[in-house]
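**Q** The working numbering puts the first residue of the sequence shown at 30, with every later residue one more than the last.
Calculated directly from the structure, the hints in this document are not laboratory data.
You may find that some hints are simply not true.
To be verified - When the alpha-carbon atoms are kept at most 20 Å apart in a straight line, the in silico SDA-like pairs for lysine to any residue are as follows:
id, residue 1, residue 2
1, K212, Y194
2, K147, R173
3, K148, S168
4, K86, S137
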Amino acid sequence: MRVIIYVEGSSDKDALEALLAPLIAAKYQQGVGIEFFPVKGSNNQRGGDAKEDLVTKFPLKAVSILRNEADAIVILLPDLYPKNKGFTHETFQELKAGIINKFEQSLSSKGIEDERIKKRFQVFCLKYELEALILAAESELANRLEVNPLRITWKVPVEDQNHGYPPSKLLEKLFEDCGKTYKKTVDASIILGMESVSYQAIAERCHQCFKPFVEFLEGLDAAKL
Numbered sequence: 030m031r032v033i034i035y036v037e038g039s040s041d042k043d044a045l046e047a048l049l050a051p052l053i054a055a056k057y058q059q060g061v062g063i064e065f066f067p068v069k070g071s072n073n074q075r076g077g078d079a080k081e082d083l084v085t086k087f088p089l090k091a092v093s094i095l096r097n098e099a100d101a102i103v104i105l106l107p108d109l110y111p112k113n114k115g116f117t118h119e120t121f122q123e124l125k126a127g128i129i130n131k132f133e134q135s136l137s138s139k140g141i142e143d144e145r146i147k148k149r150f151q152v153f154c155l156k157y158e159l160e161a162l163i164l165a166a167e168s169e170l171a172n173r174l175e176v177n178p179l180r181i182t183w184k185v186p187v188e189d190q191n192h193g194y195p196p197s198k199l200l201e202k203l204f205e206d207c208g209k210t211y212k213k214t215v216d217a218s219i220i221l222g223m224e225s226v227s228y229q230a231i232a233e234r235c236h237q238c239f240k241p242f243v244e245f246l247e248g249l250d251a252a253k254l
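Using the sequences provided together with the hints, build the complete structure.
**A** Structure below.
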């Protein structure tokens with residue numbers, strides 16, 4: 030079984046691979062290959078543009094993959110923030126509904142009515158973005174910032190932030206207050222890749238949107254595709 034997961038950027042890919050390394054390895058031993066791919070394109074440097082491409086163009090790409098690879102599952106994993114990229118949405122439910130609608134339109138345009146293909150397409154999201162997972166790794170974040178104790182200035186659970194003050198802005202301010210600069214391309218994978226980080230613990234702290242994604246991966250069985 031091949032599991033293809035599309036995320037917005039290479040930093041998301043690297044950080045999630047670091048965090049989920051034990052799960053990815055365990056599933057590989059069970060015949061399930063989990064692969065992350067960032068959205069490609071000239072606009073990939075800007076998160077909003079990457080998100081728009083992911084939610085509007087990649088449902089069609091998923092159709093092409095699924096119709097040609099009978100053992101594949103395709104997952105789209107965009108950030109919830111910023112809202113209204115690609116189509117109107119503010120909540121995960123609205124985001125998912127919009128992506129599923131794009132997917133079903135793509136199926137219809139190609140004359141595909143195979144329900145088995147629909148079951149192999151999944152949508153999850155990072156609420157509000159990857160940085161929520163970093164804020165949930167409190168001990169490791171404190172280690173990276175070289176502060177003890179770490180003063181919690183954000184909502185707990187961290188997925189209760191909002192579009193007005195998303196996790197990335199919170200994290201940037203936290204680094205700034207410590208005389209540092211948050212660099213997603215470096216800090217995200219370092220923090221989430223620390224040996225002391227448990228992806229299960231992060232999932233429990235981010236139970237609204239990240240935990241269902243993790244549980245889906247944990248439940249994959251190559252023999253039951």
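**Q** Are there hints from earlier that the structure breaks, and if so, what are their numbers?
**A** 2 and 3
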